[in-house]
Every structure is written in C-alpha cells, then in structure tokens.
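These protein sequence lines are chains V and X, in that order. At position 211 of the first sequence (counting the first as 1) the number is 196 in the working numbering, and the numbers step up by one without a gap. At position 13 of the second sequence (counting the first as 1) the number is -2 in the working numbering, and the numbers step up by one without a gap.
The set of hints was computed from the structure by calculation and includes no laboratory data. Bear in mind that the values here come from a model prediction, so they are computed numbers and not experimental data. It cannot be assumed that every hint is accurate.
[Unchecked claim] Covered by chain X, according to a simulated footprint, are these stretches of chain V (three or more residues, beta-carbon under 8 Å):
(1) -8 to -1
(2) 205 to 212
[Said to hold, decoys possible] The following label-pair restraints were derived from C-beta to C-beta distances:
(3) X:Lys181 - V:Gln152: 34 to 44 Å
(4) V:Val103 - X:Pro184: 38 to 48 Å
(5) V:Glu158 - X:Glu212: 53 to 63 Å
(6) X:Pro130 - V:Thr131: 48 to 58 Å
(7) X:Lys160 - V:Ser138: 36 to 46 Å
Beta carbons are placed, not taken as given, at the ideal position from N, Cα and C, and that holds for glycine.
Spelled out, the chains give:
2 protein chains.
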Amino acid sequence: MDRNVIGVLDSGVGGLTVVKEIMRQLPKETVYYFGDTLRCPYGPRTKEEVRQFTFEIIDYLLQYPLKAIVIACNTATAAALVEVQKHIKLPVLGVIEPGSRAAIKASKRGEIGVIGTVGTIHSKAYEHALKRLNPDLTVHSLACPTLVPLVESGQRNTSLADQIVEQALRPLEQKQYDSLILGCTHYPLLTSSFKKVLPTHVELISSAEETAVELSTILQYQALLSERKSFHRFFTTGDPRSFQAIAQDWLGQIVRVEHVKLSSDLVHFPSKEVRLP
Amino acid sequence: MDRNVIGVLDSGVGGLTVVKEIMRQLPKETVYYFGDTLRCPYGPRTKEEVRQFTFEIIDYLLQYPLKAIVIACNTATAAALVEVQKHIKLPVLGVIEPGSRAAIKASKRGEIGVIGTVGTIHSKAYEHALKRLNPDLTVHSLACPTLVPLVESGQRNTSLADQIVEQALRPLEQKQYDSLILGCTHYPLLTSSFKKVLPTHVELISSAEETAVELSTILQYQALLSERKSFHRFFTTGDPRSFQAIAQDWLGQIVRVEHVKLSSDLVHFPSKEVRLP
Chain V
-14 MDRNVIGVLD SGVGGLTVVK EIMRQLPKET VYYFGDTLRC PYGPRTKEEV
36 RQFTFEIIDY LLQYPLKAIV IACNTATAAA LVEVQKHIKL PVLGVIEPGS
86 RAAIKASKRG EIGVIGTVGT IHSKAYEHAL KRLNPDLTVH SLACPTLVPL
136 VESGQRNTSL ADQIVEQALR PLEQKQYDSL ILGCTHYPLL TSSFKKVLPT
186 HVELISSAEE TAVELSTILQ YQALLSERKS FHRFFTTGDP RSFQAIAQDW
236 LGQIVRVEHV KLSSDLVHFP SKEVRLP
Chain X
-14 MDRNVIGVLD SGVGGLTVVK EIMRQLPKET VYYFGDTLRC PYGPRTKEEV
36 RQFTFEIIDY LLQYPLKAIV IACNTATAAA LVEVQKHIKL PVLGVIEPGS
86 RAAIKASKRG EIGVIGTVGT IHSKAYEHAL KRLNPDLTVH SLACPTLVPL
136 VESGQRNTSL ADQIVEQALR PLEQKQYDSL ILGCTHYPLL TSSFKKVLPT
186 HVELISSAEE TAVELSTILQ YQALLSERKS FHRFFTTGDP RSFQAIAQDW
236 LGQIVRVEHV KLSSDLVHFP SKEVRLP
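All chains should be modelled from the sequences, with the hints used to inform the complete structure.
Next up, the structure:
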C-alpha cells in the first residue's frame, strides 16, 4: 500500500487553518485530520497530559498509510514534538519552528512579537526556537487568553472582535517589533481584526501558512510529494455535526466527519513504529 | 573534523545576496563562498558546460568540511541541481524551489510572475517547479537580459536604474499576477527600483531570502544546525580585489578573498563522494 497520507492533528478545530493552507499550497496531497474536540482545550492541561493525548492520536492515525505527521497545535508542539520525533520514523512537523523561521526572515530589526495561548507563551517554546537560530533577537511574548474563545464563539469579523483584539494586544503597544507571530492556529481567523489594530509596518506571520511551506519543503527533499490526491478524511472525538459545520465554513467545501472514541486504557504507547518503505 | 561549513557557489557575485541572507537568518553558520567570476556569466552557456563548471566547483569545495551545499545561481540550479543531488551525499539546495514555494504561499489568485536571465527563463525551470506543486497555477515568465549588466555596472539606486527596470518589466504590464519571483540572485539588489515600478499589490519574492529559510529548515530537520560560527571564506576564479570590493559593499563587512585556479583537465568528476558521519 502506498504511504501517501499527511496526518494532521489538533486539540480541536484550530488546526484546520493549517489544513486549509496545505490544501491550497499542496493541492495534490491527501490529509487525514484528527481534532480532539472532546478534550479541547489543551492549553490549561499539564505537559504530561498533552503529551499523552498527542501520542494517543498519533497511534490512532498510524493505522492509515501516513507519510508525514503535522502537529497543528502550538500547545501540543511545545509539549510533545521532540519526543514524537524520537519515536516515529516519519517526518514529524510542528507549528512553532516554521513560524519562527518566517518571523526571522521578515524582521528587519530583529525584534519579534509572539502571541499565543497561556500554555504556549508560558512554555517559552517560541522564544527558544527563535533564539536557537539567532541568540541576538529580542522577543516580546504575550498570552492572549480571550482570542480562542472569541474564534470559537463564531464572532470573528465583527466590531466586537476588533475591540477584543485591540484590548488583548494593548500590552504590546509600547513595544518595538516589526513582525508578529500568530502563535496559535486559531489566530489566522482573526486576521482582519489584527490588520485593523496593528501598525501597518508590522508583518503578520501565520504559522498555518508557514507550516504548509515547511511541509512542502520536507516532502520535496525526501522525495515524498504526491502525484495524485485521494479523499481527505476528518476525525473528531467530539460532536461530528458541529465539527462539520465549522470545517465546512472554514475550508469552503463539503467534508464528511467521522466520530472516534479513543480508549486511553487500551493504548500502550509507543505501540508501534513505522518505517518508510 | 566537524563538518560544519555551508558551501555556496555561483557564477560570480550574484550569490552573495543568498550569503547575506544566510548570515542574517542563520548567524551561527559558517559559509565558504565560491564565485566563478572568470567564467561568468553562465546564462548564455550550454547546459552541459554549466553542469561541468558546477561539478568542478563542488569538487573544489569538497576539500573543506561541508555539511550542505547551496547552488546560489538560477542558471546552475536549472542545469545541474538534480544531478548534483544524485552524486553528493550531503543536502544540496538550489534557488528555484524555495522561490517557487514562497510565491505559491504569497499568491492569493494563483497567478505568478517570474523574471530571470534568458537561460533561466528558457529552461522553464520555475514553471516546472511551480506546476509540479500545483498544476492549476498560471505562470507569466519574462527574460530580463538588461538587469544583470545593470547591477554589475554598479548603477543600482539611480534614476537610470528605475528607467531600465521599468522598460524591462513592460511586457508584464497587462498580465494579472500578485506575486513576482525575482528568479536571479542579482535582482534583490534592484528591489527599490522594482517597488517604484510595480503595483503595490504585487509581492516580490526574493529567492535569496527564501533559500536561506529553506536551508534553515533542512539543517534543522537533519539536526545539522551549528552552535558556533567560524570564519567565512570567499574564493573567486577572477580578480580578488574587485570581488572583494563588491562583497564588502553588499555584505557590509570586511572579507578576505582567495584566488583559485580551477584546472578542468585535472578534475575527473565525480572524483569523490562524501557521506555524513
């Protein structure tokens, strides 16, 4: 069987912004998406718990012919990427390094802003990723706990949204930075509000866009690019109907959503390792 | 001996725009640059000749502890990248795929402009790279033979430069495109003229910037990032003094340039293959 599927996982629906970019930039690839909506959000959970959930989802996805895995969730990337890469013999990408790289490219002055959930910002994962590449960068980080609820409440593109975004970003007002990493996969959905609120010289870095570029790079260098798309599949641990409504709205296409019950007790991870043929 | 050097090669000085971006985005990396100024330009030469020159330069650079190679020349990338990748057991990057990927990311409408030398445009290398990722893209290609001489004559940032750029781009005037690939490593040096001449909605894609991002990605995924910079070195087959003057102007730092005489007759390529430890 041809290994030709990109497995993409997230705590819920946020990672669909990454899927949308993969579909746009790599239209010949096939995506199997797993949204752990039942246990969403991951932000307030312990690192150990997030790591276990991530491994459970990957274990589930490994029943399919994956050729690469994208952890499309900043919290899970911060908590589990390195360990997953150690256990899984497939290319595994997170969303933090691609955004960091793009911000370094975009920033002319070496001053970079990062916004994310409390979990992501407290982990300092972006700061580490940025400074690992260039220790002389200045990084201004800000947790924005109101923004994910704003997106999930379906109120983006309203004047209330602009107001909440303005309030959330206020602590960055006096900081000097010329690129801002949207360090949460939900945030690209608030782009129009960000553009209204931020000075025009600030370049917005969407980890969704950049992760798709990085996936394209890795697949190409490993000679894993697909020649023919197959059907995408979507799995959720939560309510498939509401997941489907959001997915169709964001992706602009009809999707079928399958419900999955993960039974943590039955999973002994790592239960298998796969090796590329 | 630690393999920790990035070998970068070009037909002359153009690839220094890539070096500048590598130094900016990856300040902990060490670059050995080879400019084949004596035999520059490669544009009008046959593919076979360009391929041979490229292999000769790589053979020369392989005496140093390389961990990756960047072919920082569009003509040489189009002529030789695939074959070099087959022969050399190190990561080898060209400048065409990174620019193509960035244009795909930037283009909202899927209509992409590409400018380059006659050789690069006639090779259709960008068109192939773009359409391999997305067959539905529309690509508008234009050879701009006046722009390299303009840069090399040292007249960038003048009103004459604006005029020559305006004239060179005129055939694209009626075309619809929202991202323009600067498909020649010299062109980023004309950015201020491009910005004056082009509509503001057109995003300029510098293959120099994007190649440095891609190098960062590949080094990171192969666990080859450096922890400590050593001294950069610059080699030229031409006049070291004029090479030094241009390099110091572009890179904004003092560089020492070493003269190299390549003796084609003595080189039997591929004379060696290296394998990462």
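Count residues of the segment 205 to 212 of chain V with a Cβ under 8 Å from any Cβ of chain X, then say if the count reaches three.
-> Contact hint for the segment 205 to 212 of chain V vs chain X: holds, 3 residues under 8 Å.
How does the Cβ-Cβ distance of Glu158 of chain V and Glu212 of chain X compare with 53 to 63 Å: does it lie in that range?
-> 36 Å, violated
Using the C-beta atoms of Val103 of chain V and Pro184 of chain X, is the stated range 38 to 48 Å upheld?
-> For Pro184 of chain X against Val103 of chain V, whose Cβ atoms are near 42 Å apart, the range 38 to 48 Å holds.
State, for the Cβ atoms of Lys181 of chain X and Gln152 of chain V, whether the hinted interval 34 to 44 Å holds or is violated.
-> Given about 39 Å between the Cβ atoms, the range holds.
Supplied distance hint 48 to 58 Å, evaluated on CB atoms of Pro130 of chain X and Thr131 of chain V = Given range 48 to 58 Å: holds, Cβ gap about 55 Å.
Do at least three Cβ atoms from the segment -8 to -1 of chain V come closer than 8 Å to Cβ atoms of chain X?
-> The restraint on the segment -8 to -1 of chain V is violated, since only 0 of its residues have a Cβ under 8 Å from chain X and three are required.
Can you let me know if the beta-carbon spacing of Lys160 of chain X and Ser138 of chain V is within 36 to 46 Å?
-> 43 Å, holds
Checked against the numbered hints given earlier, this structure breaks hints 1 and 5; the rest are met.
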